[in-house]
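Residue numbers (the numbering used here), protein chains in the order written: chain A, 5 to 529; chain B, 33 to 401.
Just so you know, not all the hints are guaranteed correct.
[Said to hold, decoys possible] In silico DMTMM-like links for lysine to aspartate or glutamate, alpha-carbon gap of 20 Å or less:
| hint | chain 1 | residue 1 | chain 2 | residue 2 |
| --- | --- | --- | --- | --- |
| 1 | B | Lys219 | B | Glu205 |
| 2 | B | Lys219 | B | Glu201 |
| 3 | B | Lys254 | B | Glu388 |
| 4 | B | Lys325 | B | Glu183 |
| 5 | B | Lys262 | A | Glu495 |
| 6 | B | Lys262 | A | Glu134 |
Since the hints were made in silico from the structure, they are not lab data.
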Amino acid sequence: MRTRPPLPLLLAASLVAALALLPVGYLLLRMAAAGPEAWALLARPAVWSVFGNSALLAAVCTAGAVALGVPLAWLTARTDLPGRRFWSVALVLPLAMPSYIGAYAWIALLGPRGMLGRLLAPLGIGRLPEPYGLAGTALVITLINYPFVLLAVRAAIRRLDPALEEAALGLGLSRRQIFWRVTLPQLRGPIAAGGLLAAFYALSDFGAPALLRYKSFTRVIFIEYQSAFNRNTAALMALVLVGLTLAVLAAEAAVRGRSPLFRTGSGSRRPAAPIPLGRWKAPALVACAGVVTAALGLPILVILYWNVVGWRNGQGLWLSPSAVGNSLLAGTLAAAAAVVAAAPVAYLAGRYRRRLAGWADRSAYLGGALPGIVVALALVFFSARHLPAGLYQSLPLLVLAYVIRFLPQAIGCLRTSLAQIPPRLEEAARGLGRGRLRTFAAVTLPLLKPGALAGAALVFLTTVKELPVTLLLSPTGFDTLVYAIWSTASEGLFSQASPSALLLLGLSALSIAVILRQEERGLYG
Amino acid sequence: MSLPPRRRVALALAAALSILPLACGGNESSVPSAPPETTGGDRLPASVRPDTPVPPPSLAGQITVYSGRSQNLVGSLLQRFETLTGVEIKVRYGATAEMAALILEEGENSPCDVYYAQDAGALGALAAAGRLRPLPPSILSKVQPRFRSPEGLWVGSSGRARVVAYSTERVREADLYDSIWSYTDPKWTGRIGWAPTNGSFQAFVTAMRLTAGDQATAEWLKGILRNRPKTYANNAAIVAAIADGEIDLGFVNHYYLFNFLAERGESFPVRNFYPRAGDPGSLINVAGAAVLKTSRNPAAAEALVDFLLSPEAQASFAEETHEYPLIPGVPLDPRLRSLDEIATPDVDLGALADLEGTLNLLREVGALE
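Sequences are here, hints too, so could you generate the full structure?
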């Protein structure tokens, strides 16, 4: 590894890291302003048991996401599963589901007189498990956040060198042994990256724990903001969450390890032939269909049902055309900006082993586990008081807020891709006389494409359904789909929430299809 | 790296699509094409004549409203103000408490002129922080003193009564108690639903503390907790849960039932019960509005608050959202019990802003964690 990063790279990465630290800066300021009652709250054992609940939820959801994401990524990227393209989109789409909609849907399905209960009763199936508590919350969140692991691992699998596996085959290992002893160890990095994002999502989500009655830390923070208008106490709580984030980051680094993922021998990798599934085709299809049904199909059925019920009672459709355009615009800008911002940080951390690189990397991740309201208020604090009036509550500031929240997603995917590019390629280009920037543009950038696209997809999906930052920082009058869904659903007007919810899912599906198509076409280019 | 043709087309399409809403003036409060039932100001009962205010010649420019009430509820009403007066109105919709936190965080540079809140507690919090501008007596005098700030800093625009929503299938009205105090009876074990994190519930507990003292309130909360109530995030979830059979009764605001009746029909198996005695169970909380001290267009801002108390706006509250109008002479939804019949507790709604004390009490008895 090289030791001296070029100054422009260092500056760019530091700028991004500094921006990402704005929420933490805000929290520290508020902590300084917090009175003794706020600190007294921290001493209550009840608060710490709730903290433990959050950590437990994050652990369970991460384990679930990995258990689902890794096999599904392998199935869609390395085997001859029929309809791979369709499954690639369908299996990633659950990330577009807002967590409170997922929670409402599962309550409607599994409640005492829920739809599933009524459907299965004639078959003699007795009481179904209740959706509340840890089990229900973990189920809803896992079914939404497993695409983090899926996308990161998928991007990595497609660039795996098949030569290792072929060598193992030649040495007499069975397919199963090859998966566990050759493929999986190479996937430690992407699994850690995806798992980290899944953990962050579970830590920062508020919708699912609130509706499914699980006492997580975000709920405590929310009570302080919502009920006491007590921003100082809430900030103190959020700082504790930052501490937990640092612990999670340390765990991820340990899992990721330091081994390189690229080929060190002579020659270059060639495309891997799809592994034939044979008699496992049917079970694989059933598994994929099962996941898609649970994560998407059932909630969509519930949403459609609400729609029909509303029609029958004379409720009209409530749709705003400008909301669709605005949501698309915000999502696209955020995705592009996040990838651009993540690039210097990922490159610095991936190619250089300096302390500073490590800190820049960690700082950029800190914004990711905070509840959205914290990030939003932090930016309000700094921009309303210190920026010119035209910039406050403007589209650029909104995009910045999204980037701060979702930067980890872009960084994680880019780092995984970068780890698979041998530095020799870049060194060869430099040796042939290309400058650093030209080398990056001509050699590294095309090879980073899968990671960049995966990161863009993740950021787009999470941005279009993001709620708290959008409510506080979007330009006043900026209609969004997510507001339409949230405001009607929280008042129980589910039939009015349905059209917008379906539209959101449809838009996300289209965008994912476009992005994944690019991934396919640019793969061997 | 040049883009392949199909990608270029896709990008161009996306760019065109995204510019389109901006070109069509997406920065104004674009009100969606609402279903016929919610065109607020155009359908009025015969007994109320629209009192179209003559705009004073000095009203101009624009105002920014932060509304904790949803676009669905008040969007067309606010648009009507713009049509009537020519003042350009920009509305930011969100949750009441988040909008209050936003205003507090923005400080002196807040672009907000009018804060329209779903409950009085948030208005009280802003008043206590010194962010509100006193309203002129002409506006304040339109409502009863119990529905406005004693310092004249905010005014209520519509009322919501606390009720006990109950399942028509599993509870007979005769079984329900007059007074909220008696729901600690063990016969309701496992059948009650509440939302301790909800603003209107906390306002009700604050009212209980103010009228009966902390000790008695703590006893009541512990009594309810002994009945193992189920916790929900908001009032709508409670009403839905009653219909779904999870619980048999819940402490909610009166108008949620009507949303469900409109959505799912008259066969929806839940009804409202109004506690008869004058205890906190029969609290009437208000949605209300205030003008910010940092407002750059206070004349227009006050005109908007005045408009919310006009017969036209008050009639729309009665008809569209099934709330209680606060000015005299506006006909009520016949399914609602009239304001005069509800013996409200003797509580200053502005004092309901003392949420800190309520939160501490709720935490102490274990209702919140």
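- Message: Tell me the hint numbers this structure goes against, listed in increasing order.
- Response: Nothing - there is no hint that the structure violates, so all of them hold.
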